[in-house]
Amino acid sequence: MAMNPQLNRHGELVHLLSIEGLPRALIHQILDTAGTFLSVNDREVKKVPLLRGKSIFNLFFENSTRTRTTFEIAAKRLSADVFNLDIARSSAAKGESLLDTIANLSAMHADMFVVRHSESGAPYLIAQHCSPHVHVINAGDGRHQHPTQGLLDMYTIRHYKKDFTQLTVAIVGDIVHSRVARSDIHALTTLGVPEVRAVGPKTLVPGDLREMGVRVCHDMAEGIRGADVIIMLRLQSERMSNALLPSADEFFKSYGLTEEKLALAKPDAIVMHPGPINRGVEIDSSVADGMQSVILPQVTFGIAVRMAVMSTLAGNSA
Amino acid sequence: MAMNPQLNRHGELVHLLSIEGLPRALIHQILDTAGTFLSVNDREVKKVPLLRGKSIFNLFFENSTRTRTTFEIAAKRLSADVFNLDIARSSAAKGESLLDTIANLSAMHADMFVVRHSESGAPYLIAQHCSPHVHVINAGDGRHQHPTQGLLDMYTIRHYKKDFTQLTVAIVGDIVHSRVARSDIHALTTLGVPEVRAVGPKTLVPGDLREMGVRVCHDMAEGIRGADVIIMLRLQSERMSNALLPSADEFFKSYGLTEEKLALAKPDAIVMHPGPINRGVEIDSSVADGMQSVILPQVTFGIAVRMAVMSTLAGNSA
Amino acid sequence: MAMNPQLNRHGELVHLLSIEGLPRALIHQILDTAGTFLSVNDREVKKVPLLRGKSIFNLFFENSTRTRTTFEIAAKRLSADVFNLDIARSSAAKGESLLDTIANLSAMHADMFVVRHSESGAPYLIAQHCSPHVHVINAGDGRHQHPTQGLLDMYTIRHYKKDFTQLTVAIVGDIVHSRVARSDIHALTTLGVPEVRAVGPKTLVPGDLREMGVRVCHDMAEGIRGADVIIMLRLQSERMSNALLPSADEFFKSYGLTEEKLALAKPDAIVMHPGPINRGVEIDSSVADGMQSVILPQVTFGIAVRMAVMSTLAGNSA
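These protein sequence lines map, in sequence, to chains A, B and C.
One point on numbering: in my numbering, the residue at position 310 of the first sequence is 311, and numbering is uninterrupted.
One point on numbering: in my numbering, the residue at position 216 of the second sequence is 217, and numbering is uninterrupted.
One point on numbering: in my numbering, the residue at position 265 of the third sequence is 266, and numbering is uninterrupted.
Just chain A, same shape as in the assembly (with noise of 0.2 angstroms):
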């Protein structure tokens, strides 16, 4: 356990840069916490102090406005200070090293980096050298792990369907580019689901996924059969241009989710999707808007999800 970077010698969480590691218990623990920062959510003043003073930083090395966003919102109804660094133009853009970059913002007192950044790896590389004081989260790393959106599925699956020892997860689209699926298929793993499949076109959904535990399913109606939970992926438009697909309209065809589709899975499954959704592309908006989508709620779950990450590091020492 001492080998793992997020975790103190207590087994405390002190970063969290992937599901990959970590033990269930912690798992249910941050969704245990998050549920009690839902009420907050809704509450009049949508505030708590627990995060009061901090300094948290956002570090986008890759833009996603939504991302931040959701990020900046914990931090506030925490109470914190936030600073969006943009990052593409500052320093790092006068040739400043990564790490010169984060020893200088360490030395202004910040409290928590949350980072996102093209290169898988980059958020380790920065939790192994900023100071003790430091906590860092990975918002998304290359095609890594995005461990809050891991986090916030498991709290959204949990929330419809409480036993994860009985359930049928097919995480449908590509899944071979998804740092989305990676965090969930680490985590549906750790919290005991009996089968998850990846589903999707072998240039998506390579034979070799079947190492990290999954059934690989290069057909839809195979893949999403008696389903208690379907997770689409976001379809990357580059994949059509770099030759990966054939067309938009292809893939619709074989793999968006349409009610007919949707209708081989449990007729209690629910439909999740990261967001932001491609109508038509791989998922049909019926199904997006229809009574099974849980889309909007795994949002509302997100925030309180990333309130309880940030309050359970910010507890913890190094």
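Simulated from the structure, these hints should not be mistaken for lab results.
Wrong hints could be hidden among the right ones.
[Stated by the list, open to error] Footprint (simulated), chain B over chain A, 3 or more residues, beta carbon under 8 angstroms:
| # | region |
| --- | --- |
| 1 | 67-80 |
| 2 | 162-176 |
| 3 | 191-204 |
| 4 | 270-279 |
Beta carbons are placed, not taken as given, at the ideal position from N, Cα and C, and that holds for glycine.
Chain A is fixed; fit chains B and C onto it per the hints.
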């Protein structure tokens, strides 16, 4: 009244989308509330806790740092948490629809959207589709309306002139493209101003503006003679390039407000402008900086009026 | 003293525009205040309510995410409301004059402007024209001054060396284009440092710098021999492209600070740098990260010094 999407069934304001359709008493009530906030802005601690814990989102689909800043100031002085979404670089750019963006932010427990959009009606669309607990403020939509500017102009006129029912108000310049002019005309008419004049060349002040109840004047002298209030509009330079106007010099000669022309108005006439001013294009510097100019007081009143609108909306439920 | 636009008639600081003309006692008083804030930054809750309800505007006409962030951190730790104006995209771009922008923000009840501008003197112009209740801080103007950097450098020197009157201080690099160097030279002279050396090639350290009371050294060994403090300046890459310098390699060979060259200074000499550093251009990594480097403590002190400047200004009236 149930038809007016801005008002709930008790006739209370739940969105501010347009001056059109606002009852006279409601306008006066907002201006009265603004008066109480004016003193807050003069205090040592310029803050009241009225909107503490509320999440206000600035959604500027059309860029305007100045207007966005006035809303941000107003919100922070009411102790709200403010989120500026760089919407041009966000999910909207990834192909997500306006309504999906709104649904997502609502799911994050947004309390208020301040919307600027280049298309007329966008704030209406948002108000129709957002959750019942969310309030929408139109911060300028296309050529349609800019209601907080209209209200701050009314605050300014009431402050200096007291009684609307005895006034002659001249609006000078590019009336046809101006959402400020449209909001002002609706407000002045509602508040009982007996004579509202629209002054400018035929290309910018067409005759059918008479349908809005204004007197159309293509001659500047006729337009401002005897006026109590002169509202100069900003001349957009693109009007020259698309041949609606010969040149800035030409325009200034005919319709630019100089001391000579101002002498035609009442001796105690006030000069207003929504800013930013083009010195030497629509207004001479000696007038802009002169004794009769109330351009900077308009800016001061604008903060108080936006605080009044925000706190009024927050107090009413759909 | 009435001539100094930074001081009111009681000799109190109302703007911070330049180190030049600041009395020695006033500098020490700011450094003393910074010392008290240093402990705030180490606290669990890094916040004091001194500037609660104050509106501080970051007006960066020249982009600098890092410097802007240090002022934003300082302001928020004093509980002020901070407004970052993306000035390049705002009214300034619409043709509004600098002074009109300032007049408008003053009318919104701004309390403080933090100004960075590519033209020397811009903060003076603003200070001369803004309302009496507004304070201006120069965050770097052209080649002229960067007074908060000067003050944090003095804080650093005082922290490590105690007595200014026994010191030899070498400033190395592109002195002629550096506002940091200019501010440091004024500060060191005022504080009684007996020997200040300006070290670098003739193109970057011309002989007429002697008029500022410094010893000009074109030889690096002569420049740093026996020094107590070495301040390395950042080398702007544009100096190479415009032929003031042959190449980065050439510069490093002659003036880059290596362990060998550092050995010529006093054994307990400290090494400073305003950041961001160019490793291998003006400073070797082993020196930047070495025992004598106080580059990161400078960053920490910088927040406290900016808090001290802001709170000092807020307490004084024009």
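Results for each hint:
no.: 1; hint: 67-80; verdict: holds (count 7)
no.: 2; hint: 162-176; verdict: violated (count 0)
no.: 3; hint: 191-204; verdict: violated (count 0)
no.: 4; hint: 270-279; verdict: holds (count 4)
Figure legend: structure checked against the earlier numbered hints; hints not met, in rising order: 2, 3.
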